[in-house]
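Novice: Chains as they are written, first to last, in this note's numbering: chain W, 1 to 545; chain D, 1001 to 1407; chain U, 2001 to 2312.
The hints are simulated quantities; they were obtained by calculation from the structure and are not laboratory data. Since no wrong hints were added, every one of them can be taken at face value.
Listed next, the stretches of chain W that the computed footprint assigns to chain D, with coverage defined by at least 3 CB atoms under 8 angstroms from CB atoms of chain D: (1) 343-352; (2) 368-377; (3) 386-397.
Here are a few chain D residues that face chain U, going by a calculated C-beta distance under 10 angstroms: (4) Phe1310; (5) Pro1350; (6) Ala1351; (7) Leu1363.
With the Cβ distance kept under 10 angstroms, some of the chain D side facing chain U (calculated, not the full set): (8) Gly1069; (9) Ala1192; (10) Phe1365.
Note that CB positions come from ideal geometry on N, CA and C, so glycine has one too.
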Amino acid sequence: MSGSSPAIAGEGSAGDGATLAFEGVGVSRAFGATQALDRVDFDLRPGEIHALVGENGAGKSTLAKIVAGTLRADSGTLRLFGEPYSPRRRSDGSAAGVAHVRQQLSLVRGLTVAQNIELGRPRRSGSAAWRPWPRVFNSREARAEVERLAAELDLSVPADRIVDDLPLAVRQQAEILISLAWGARLLILDEPSSALGPLETEALISLCLRLRDEGKPIIYISHRLPELAELADRLTVLRQGRVVTSGTDVAAADLRRIAELMVGDISLLEVRRPDLELGEVRLEADGLRLAAEHGPGLRDVSLTVRAGEIVGVVGVAGNGQEELAGVLTGQLRPDAGTVRIDGIEVTNSPAAAIGAGVALLPEDRTAGLAAEFTLAENLIARRVADAPFARLGVRLRAAVRRHARALAERFDVRPPEPALRAGSLSGGNQQKLMAAREMERNPAVLVAAGPTKGLDPHAGRAIRDRCFETARRGGAVVIISADLDEVAELAQRVVVLSGGRVTDRFGVEEMTSARLGAVMAGLAWDPGSEAGLSPAGSGAPGATP
Amino acid sequence: MSTDAGDATPTGSGDTTGHGSGAGGLGGDTDGALRADTTFERATISLGTSLLAVVGALGLGAIILAGSGQNPLTAYGAIIVGSFGDWFAIGETLARAAPLAVVGIGAAIALRAGVITIGAQGQLIAGSLGALCAGFVLRDVPSGVALPLAAVAGALFGMVWVLIPALLRAHLNVNEILSTLLFNEFAFLLMAYLLNGPLKEPKAITPKSEPLPDSVVLGDLVASTRLHAGVLAVVVIVALFGLWTRSTMGYRYDLFGENPRLAHSLGIPGRRIILNSLLISGALAGLAGWLQAAGLLQRLFVDIAEEIGFFGLVVAMLGGARPLGILAAALLVGTLQAGGLHMQATEGIPASLSDVIQALILLGFAVRYAPQIAAIARRAVRSVSETLGAVAAWGGTGGGRKRPEAS
Amino acid sequence: MGKLAELTFWTATFAGGMRLATPLIFASLGETIAQRAGVLNIGLEGFMIIGALTSLYVTVEAGIALGLLAGALAGAALALLMVLLCVRLNANQVVVGFGLTILGVGLTGYIFRLTTPLGGERRQVNILGEIHIPGLSDIPFLGDAFLSNSWMTWLALGLVPVVWWLAQRTVFGLEVRAVGEDPDAAFARGVNVIRVRSIATLLSGLMAGLGGAVITTGLVGVFEPAITAGRGFIALIVIIMVRWSAWGVAVGSFAFGLADALGTNLRNIVSDSVPTEALQMIPFFVALVILVIGARRARMPKSLGFNYVPDR
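Could you build the full structure based on these sequences and the hints that come with them?
Specialist: Structure below.
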């Protein structure tokens, strides 16, 4: 941080007098045959937050990477604070004062925050030509720097903790803090709120506003429109690599219209929840306890799901969700408690769970697909020894191939080519492939962790419909997710997981962000007062900087 | 508790996904052993790129020869004569290729399951001891019975020799590359002790055992060569391995190697797969020891394993862990070794040159697993084959199944 | 058997342990850096043997200083190949390491046979003597057992704190750990992953070459095929045992060197009652025990063995 922040530009003016913080004209970039960005114009005024919105694959992240220097544009000109700007690599971007806070944060997880501050720190240009190698790492100085900045920004970022042990929100704050330490003049935040709870999002918004007011312009990438209304000054919509609307004043914009522009087909956003009839109890988890290496693990979690019911398990990431998914599907051995499916115990036995009809869509998709196997080989994984796919222990490849093509077409996997490597599919199609394998034969219980996370609206819609379909056919569905919108769309009933415990249960119609914010942060919900919303030590901002 | 509990615990350490850290207990966070990326074994094989690697290695070998004052043409001529020049030479090549293919198949089954073993050397020694023991026990049994029993004994001894490293790997996560290497040393020293002491042929000057009894000796297949009937067993083993790659059990082993976390979630018992794949590879290395003892040499020597154990792994890697690939690779390595010895005998050029060439081929293949090189090579091969028209169909698709990529 | 109770036996054994630990210290220190950076070099054996031959041959011609340098450079040359294949071209690290082992052994065998006609003279150098440090070397027992070493051993011991410092107290050390733990994040932070891994691999090649050089020019004085006798693999075991710690490398190498020396020295006094081969097994048995103990709870660099492929 320095005292010499650039002057804050005049309110919303066309910026003819003030120098633009960033300006890109005619920026294009292709990946193979795909045109990720097509002659995009984008500018950022000093002292503003400019939101960049669009569905997945619209080119937002590509543009962000070009501004940051991670990618090079095929054509187009860039200017940074009035100067011509042509970064050749990421370090050029950071040296020029561009900070890029990505969705997958870029702090090295095995090191401390103070150590991360030195990793890749841009060197002041113009310093002595001869630099001693290796440079000594002064841990005391680094720690002091983190502490000083944390105090200035009113954040509680511990300098000496290993990044892996910090909650996601704190990691994000640490990354922003480090970028400021590196002399950032411009910040790019790429989907920063996608894994945060309501309270943490509030804190993030307030931090962004303070940074803006201190003269750090921000490019804010998101698809969450309500959040942008609170935070952004202007808004640019990208679709399929092109600018649809440029620099709209957010205060005057119609958010519904923006949503249409983003997607092109608004019907994709509408959720048609089928009428679901509740039946017998199918999934019964009782008194689950599990000690975990990181995070709280599970501390006495019980959960019952009926046929035709979709239950959403919400909570800030790292509060026991992963463990819950593992235990419910028999993959993790709980320290105590049982899991029954249709009355049959499946605790700690993936084979028994599969036999009882459990399907799993894991959050980490690398855990759910054999990337080097073909589509056909992946789709057969659950039934490899069944007739008609094998006889006398030998796989019958023709039958497997036929089955794979039919299944891939049914689940809209593109392209539905059985001989294709699974790893060569796009993320959305990989998720559909996994869904095809898991949900092919009406599962008794479906455990889906962040099933539509990172998917484009088409793929997201397809997966959502599959979840409804499973419930409609009498399956019990558990959606484990940090994305409240996803849960609101899918679930009838919500269970809040915090610190490894279930802290609240309610019907989806009672789900409000205030209530969720409180219980996800581990507070008791008292609808009578607003006290439930007060910050609880998780890095929420103070009133005035 | 449930029925399958014993096998249900994930072992983690085969986690070949690598990226994406701690899977919160589902994956490899508690790894104890060195792991490594083993995805290469399913890389697409193309005859064209394979030939490119071989030709490149021979070219580099020629440079080394020329640089050390030898005539590459003389050297390579001697290798060809020594491996294909006459029936004896061909017999030598095949007799050398046979144990390499058998060891290679064992290594390949393990590789496909994500397990790397360099222990074939020791297991082969153990297997040859097994064959000798069987011979002593079955001295007076008709060879129709004694022969197969000796083979079984070889396989069993090989299995026993890998048992401890396999258990250590499956249950304590002890790295199998290093533990099997140590067991190679134990086997070698044990053999040295036995052949200098209890099993030593009394009047011999150099340490060697008495000849194996006739009842367990494999007869010559072709007169005046050293090509023995054991080579027929190799054909059977390759065919069985072909069946393995298409079996449901083989599928489960492959799936575990490709993605242990997925395999675990599908109820595939990881520990059992690690254990069994090591035992299978041990049994096959033991069989190779039987081939050496009962077929080629007909008695035991301290260096009976030569370097077959190591080069068997080379063969598995070169052959892409696939049946026909392994067969081809074993013939290639057998050619280089038989020819190399002939070159040393006739031209005085050290046979180690064969090892150098094999190493270079392996390195060339390793690069081929690199995606961008594979792509470049594919493009190069395609453009060449398009020009040559007639060659196209053969060069672009030979050797393995095609696996197109989505763009 | 009474000799076991004599002090001289133990003095000699400990001194032998220090000597035999020297090549291991070099090789495993270098490999520690490479593995911390995520590069699993199982080809150490090949690196060491090529260093051993080169250094001996150059020493014969140009003296020990240039000889050691040449040995180190020969190791680095092989490491350069590894950098090219694995770090730059993403070839599989295990396949390449295995290939480089065969290459090193094969190439040295080829050169040795070519330059040493059957029955001819082998090239030979005088091995390094111990330096007598006045005062220290005179301390009873300790002086002879631990403090009378050749300058190569002192150099190896001296490198231990240097590597520790490099790993723990410099930005390069941070970068090495970062690219070994989480190369994607390190790249996003602006760390040049490819360069850091290349440097780490080259350092490991240099030091493995030096380790091999010590075997021929420092300990044995001649070259013969397979003279490294699996020390490259032992170095890998040492690293697992000490969990990628520089100080640990010194201790672990000494433990193994001691086992080695014990096996050799026992041979002279108990060979009538115990087969030589059993004594020769001692160091390998010790290594196995070490491997089993070390494997439990080892926390290795997360991306060890995996190449870094930047996403587009």
